[in-house]
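Just so you know, the sequences run in chain order A and B. Going by the working numbering, the first residue of the first sequence is number 1, and it counts up by one from there. Going by the working numbering, the first residue of the second sequence is number 1, and it counts up by one from there.
Be aware that one or more of the hints could be misleading.
[Claimed, not checked] Pairs of lysine to aspartate or glutamate, EDC-like flavour, derived with a Cα cap of 20 Å:
#	chain 1	residue 1	chain 2	residue 2
1	A	K113	B	D121
2	A	K26	A	D110
3	A	K93	B	E87
4	A	K92	A	D62
5	B	K99	B	D181
6	A	K92	B	D181
7	B	K99	B	E87
8	A	K30	A	D62
9	A	K92	B	E133
10	A	K92	B	E183
11	A	K93	A	E48
12	A	K26	A	D78
13	A	K92	A	E112
14	B	K95	A	D50
15	A	K113	B	E130
16	A	K26	A	E68
17	A	K92	A	E68
18	A	K93	B	D181
19	B	K99	B	E130
20	A	K30	A	E87
21	B	K95	A	E87
22	A	K113	A	D50
23	B	K99	B	E133
24	A	K26	A	E87
25	B	K99	B	D138
26	B	K95	B	E130
27	A	K26	A	D62
28	B	K95	B	E133
29	A	K30	A	E48
30	B	K95	A	D90
31	A	K93	B	E28
32	A	K93	A	D78
33	B	K99	B	D121
To be clear, the hints were calculated from the coordinates, so they are not data collected in a lab. Remember, predicted model here, so these are calculated numbers, not experimental data.
Below, each chain spelled out in residue letters.
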Amino acid sequence: MTTTTRILTVDDSPSMRALLLHALTKHGFKVEQAEDGQMALDWLATNEVDVIITDINMPRLDGFGLIEGLRSSARHSDRPILVLSTESSDTKKQRARQAGATGWIVKPFDAEKLAMAVRRVAH
Amino acid sequence: MAALDPPPSHSAPDRVTVMQGEARASAEPTVEFSTVLGSCVAMCLFDPSARVGGMNHFLLAEPPTHRSREQFDEHYGLFLMELLVNEMLALGASKSRLKARLYGGANIHRGLSPIGTANADFARRFVVQEGIELTQADLGGNQARRVHFLPASGRVRCRLTAAQATPTQQPLRRPQSALGDVELF
Chain A
1 MTTTTRILTV DDSPSMRALL LHALTKHGFK VEQAEDGQMA LDWLATNEVD VIITDINMPR
61 LDGFGLIEGL RSSARHSDRP ILVLSTESSD TKKQRARQAG ATGWIVKPFD AEKLAMAVRR
121 VAH
Chain B
1 MAALDPPPSH SAPDRVTVMQ GEARASAEPT VEFSTVLGSC VAMCLFDPSA RVGGMNHFLL
61 AEPPTHRSRE QFDEHYGLFL MELLVNEMLA LGASKSRLKA RLYGGANIHR GLSPIGTANA
121 DFARRFVVQE GIELTQADLG GNQARRVHFL PASGRVRCRL TAAQATPTQQ PLRRPQSALG
181 DVELF
């Protein structure tokens, strides 16, 4: 029996959220969405997903803060977290890696590659 | 003895041409962004509190025939919008304070698909979706425009110009080599 992979996307841009929702549901994933890192942390306190996809530049709590917050929690210590960002500098990738990110995807993303990456890291 | 203030500077601005597919931001009072637009659209963003401004310049492509959702490739347009916003955030701007001006989107060549209209519609939709205040829009028509933008003051000059002044431009194609590169740690 197969179960649907559940994804939480975290991005402050409504346009990007709409694009991600369309691309991921088209590939059969169940998608939840948060507008910033703090909203994601609050939601994940009482909900579960299989994979988290997060932007970096966001108000209130950015992507780095979200990753650090999740990794400090036993419930989410090994939850796959993919960063999806326009940023591509090695410094920022290294920071995300040290914070505990699972991978880094550079925007503009290709929906097929994104879906493949999600399937690869999903537990 | 107190030092004298330096005399006011009247030197020429540091003019930076923003080409199609580019996004530039600055807080330097001497910098001026400029571009020439036909069917393309330029979005000028300004944060009046941080006194940071930025400009991008895009022309959306029609997607491959197997992609049916969008009439034009809005995905890459979104990328350029986000790139501009992120460059401004890095200079101290806040997204909630941004004000937008839109220019271009002319349909220069009669009889061809109205790509200028599609670009203008995309830009208008973007600012509405993102909750960015649109303070001015000079879009459409059938003439090219020349735009000068002072990012540190938010001042814009836009004038119509001959279509011949507009460089021939191909729609944006996403860079295939870097498209959605996935790096697992």
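Hint check results:
A hinted pair counts as satisfied when its Cα atoms are at most 20 Å apart, and K113/A with D121/B does not qualify at roughly 29 Å. Of the supplied pair hints, the one linking K26/A and D110/A holds, its CA atoms being roughly 13 Å apart against a limit of 20 Å. Taken as a hint, the K93/A and E87/B pair is honoured in the structure, with Cα atoms around 17 Å apart against an allowance of 20 Å. Pair hint K92/A plus D62/A holds up; C-alpha atoms about 12 Å apart against a cutoff of 20 Å.
Straight-line distance between C-alpha atoms of K99/B and D181/B comes to about 32 Å, which puts the hinted pair past the 20 Å bound. Restraint check for K92/A and D181/B: satisfied, since their Cα atoms lie roughly 15 Å apart, inside the 20 Å limit. With a C-alpha separation of about 15 Å, the suggested pairing of K99/B with E87/B holds against the 20 Å cut-off. For the hint pairing K30/A with D62/A, the CA-to-CA distance comes to about 23 Å; that exceeds 20 Å, so the pair is violated.
At most 20 Å may separate the alpha-carbon atoms for a hinted pair to count; K92/A and E133/B exceed this at roughly 30 Å. Taking the CA atoms of K92/A and E183/B, the gap is near 13 Å; set against the 20 Å cutoff, the hint holds. Pair hint K93/A plus E48/A does not hold up; C-alpha atoms about 26 Å apart against a cutoff of 20 Å. Among the hinted pairs, K26/A with D78/A is inconsistent with the structure: their alpha-carbon atoms are about 26 Å apart, more than 20 Å.
Using a Cα cut-off of 20 Å, the hinted pair K92/A and E112/A is violated, with the two alpha carbons roughly 24 Å apart. Taking the CA atoms of K95/B and D50/A, the gap is near 30 Å; set against the 20 Å cutoff, the hint is violated. Annotation: proposed proximity of K113/A to E130/B is violated, straight-line Cα distance about 26 Å (limit 20 Å). Proximity of K26/A to E68/A is assessed by CA-CA distance (about 30 Å); at most 20 Å being required, the pair is judged violated.
For the given pair, K92/A sits about 14 Å from E68/A by alpha-carbon distance, which is consistent with the 20 Å threshold. For a cut-off of 20 Å, the pair hint linking K93/A to D181/B stands: about 13 Å separates their Cα positions. With a C-alpha separation of about 11 Å, the suggested pairing of K99/B with E130/B holds against the 20 Å cut-off. In summary, the hint linking K30/A to E87/A is not supported, as the alpha carbons are separated by about 26 Å, beyond the 20 Å threshold.
A threshold of 20 Å between alpha carbons decides the hint, and for K95/B with E87/A the separation of about 17 Å falls inside it, so the pair holds. Distance check on the hinted pair: K113/A and D50/A sit about 18 Å apart at the alpha-carbon level, within 20 Å; holds. Pair hint K99/B plus E133/B holds up; C-alpha atoms about 5 Å apart against a cutoff of 20 Å. The hinted pair formed by K26/A and E87/A fails the criterion: a straight-line CA distance of about 26 Å is larger than 20 Å.
The suggested pairing of K99/B with D138/B holds, with an alpha-carbon distance near 15 Å, which does not exceed 20 Å. About 9 Å separates the Cα atoms of K95/B and E130/B, which keeps this hinted pair within 20 Å; it holds. Between K26/A and D62/A the CA atoms are separated by roughly 27 Å; this puts the pair beyond 20 Å, and the hint is violated. Using a Cα cut-off of 20 Å, the hinted pair K95/B and E133/B holds, with the two alpha carbons roughly 10 Å apart.
With a C-alpha separation of about 12 Å, the suggested pairing of K30/A with E48/A holds against the 20 Å cut-off. Taken as a hint, the K95/B and D90/A pair is broken in the structure, with Cα atoms around 25 Å apart against an allowance of 20 Å. Distance restraint check for K93/A and E28/B: the Cα-Cα separation of roughly 29 Å exceeds the 20 Å cut-off, and the hinted pair is therefore not satisfied. A threshold of 20 Å between alpha carbons decides the hint, and for K93/A with D78/A the separation of about 18 Å falls inside it, so the pair holds.
Distance restraint check for K99/B and D121/B: the Cα-Cα separation of roughly 18 Å lies within the 20 Å cut-off, and the hinted pair is therefore satisfied.
When the structure is compared with the earlier hints, violations turn up for hints 1, 5, 8, 9, 11, 12, 13, 14, 15, 16, 20, 24, 27, 30, 31 and for no others.
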